[in-house]
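Asks: Top to bottom, those sequences are chains A and B.
At position 79 of the first sequence the residue is numbered 79 (the working numbering), and the sequence of numbers has no breaks.
At position 154 of the second sequence the residue is numbered 154 (the working numbering), and the sequence of numbers has no breaks.
Treat the hints with care, as some may be off.
To be verified - Straight-line Cα separation of at most 27 Å, DSSO-like style, residue types lysine-lysine; simulated pairs: (1) B:K78 with B:K8; (2) A:K11 with B:K69; (3) B:K128 with A:K2; (4) B:K73 with A:K4; (5) B:K78 with A:K111; (6) B:K39 with A:K11; (7) A:K137 with B:K78; (8) A:K111 with B:K39; (9) B:K8 with A:K10; (10) B:K168 with B:K69; (11) A:K79 with B:K128; (12) B:K39 with B:K128; (13) B:K73 with A:K10; (14) A:K79 with A:K137; (15) B:K77 with B:K8; (16) B:K168 with A:K111; (17) B:K39 with A:K10; (18) B:K73 with A:K11; (19) B:K69 with A:K4; (20) A:K11 with A:K111; (21) B:K168 with B:K73.
Just so you know, the hints here were simulated from the structure itself, not pulled from any lab data.
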Amino acid sequence: MKNKFLIALKKTWNQFRQSLPIIFGVLLLISLIQALIPSERYASLFSGNFLDPLIGSAVGSIASGNPVTSYIIGGELLKNDVSMIAVTAFVVSWVTVGVIQFPAESLMLGKRFALTRNILALISSVVITIFTATILKILNVY
Amino acid sequence: MFIKIKEKISTNWQFFIVSVLISAILSIIFPASFGQFLKIFYNLLLNILPVFALVFAFIFIFDLFLTPKRIIKILGKKSGFRGWVLAILLGIMSSGPVYMWYPLVDELRDEGMRDSLAIAFLYNRAIKIPLMPMIIFYFGLPFLIIMSVLMILFSVINGYVGEILLIKFGEKNENRSS
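Next up, chain B with everything else stripped away, as it sits in the complex (with noise of 0.2 Å):
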């Protein structure tokens, strides 16, 4: 019975459902974090709405005006540095949350574009330019130049590793809901 119901629930939704029950365990297990988790949540959900908005926009552009043999040429094989550049930059300057951003990016490896691009737009996430002034507040200004400059390169480094390490393994967009 339960197999059969798992079964006709798609994975997402599974996940989703685990989620839901393992935060009703813990609110019934700590009541007294109840109120501050709704907050929490009710915040977050304010603070992603206007990114829901702009990587909707975003996808439905790339869908729109961007085929898949121009996915390639931009950020397939092919790509060269100016793939990178343009990874990296994406990743720098794209807001909000980095789970936002999985859709775009599961849709663009879909139409070519290369593991290690994917790899580096998703590390970049972590360098937040409106975020600087307050990094350089608490840690100063060396901090900020050193952390991002070396985050850039580690991106590039992660990307080749993982793109390599992903071919050796056979990745065949195993597991992947879409």
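Excised from the complex, chain A in its bound form (with noise of 0.2 Å):
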């Protein structure tokens, strides 16, 4: 039992290990992303036009951070009269398409597996986003 405990300690540890600089390695570029985008200007990218929701979809997927951040800055743009439907977008994409993470998505499991999962994540907040704010409207909420 003892060297059963030591092989799984040891391959825990090996399986850490390696991963340890591909998680610095996100941690610093996602420090970065948002030192250098405040979430102020966020606001300043949506024109208010059709547009909207494909902005909300784009900077959603590209920005990233704790999705407490994205729920903060969707309810500001609300407040700035940003659509309900590119608000949505926004905070969709934020929390399930990972742009700054990709490179260690697919470094740790596979490109081509990384690639298909943010590309469906990608379609799927479109998606999401349209039956959201549809069912919302015929609900009267919003």
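If you follow the hints, you should be able to join the two separate chains into one complex; please do so.
Replies: Below, the structure is given as structure tokens:
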């Protein structure tokens, strides 16, 4: 049992040690994006026209960080009269698509896996956005 | 010379070095943001430390108690409905940033986890129960319910479609670090 414990511990440590440079690399890139693009700047990207949902998806996919930040920014965008559909696109793509994490994901899980997963997540963020906004409209919530 | 050095350094470390170089170059170009960059990096690091421990414990427990045979039974091709429920629930319950969970998913896939369940697990990480009051505060309860239900639904759709695409285009664990 002791031997099994040590083997498992060694295996886990090796697995973890290999992923440390990737995790620290992602941390650096996320910190960089957050430092260079303060959350207050996001509102200025929306123009109030039909392109807003696409802008929301694109910005949400590239932006990264704690989901809390996306909710706060989303709330502020709604207050600034940015459409619900654009805000939903922004929030959903923020939490499901990871452009910044993509290099790390492809290194650890395979390039095709990461690419397939992120493209599908981006497409579904658009579909979820349309469904959510439509249902909310039908329910007369927004 | 450069190629020889590159060959000696693993892809993971190459990624880290490139990240450091990008950070250094952009910090020189935008020196005003450097302080903020360090502060954010430090805070992120503090935030992920408990998740480090959690993921390490998870991988260790899996390594200790779960044999590949067992993982295949729970999360493999024949795991069926139970496998989906497990992947969705584990995704929703896991905490911390998504990239912290890549080592675990990598390990489980090596041992026989279905790609569709790996995709569903990673997708459901977007649903965070502790953050739900915040979503209700900013967007309302109907928004939370509709978005969460749709996300769970799409995690399954993405899982199925993703697995079909990966099988069709022959994903053979290429470019993986371990």
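Asks: I'd like to know which numbered hints this structure contradicts. Please list them from smallest to largest.
Replies: 1, 3, 6, 7, 8, 15 and 17
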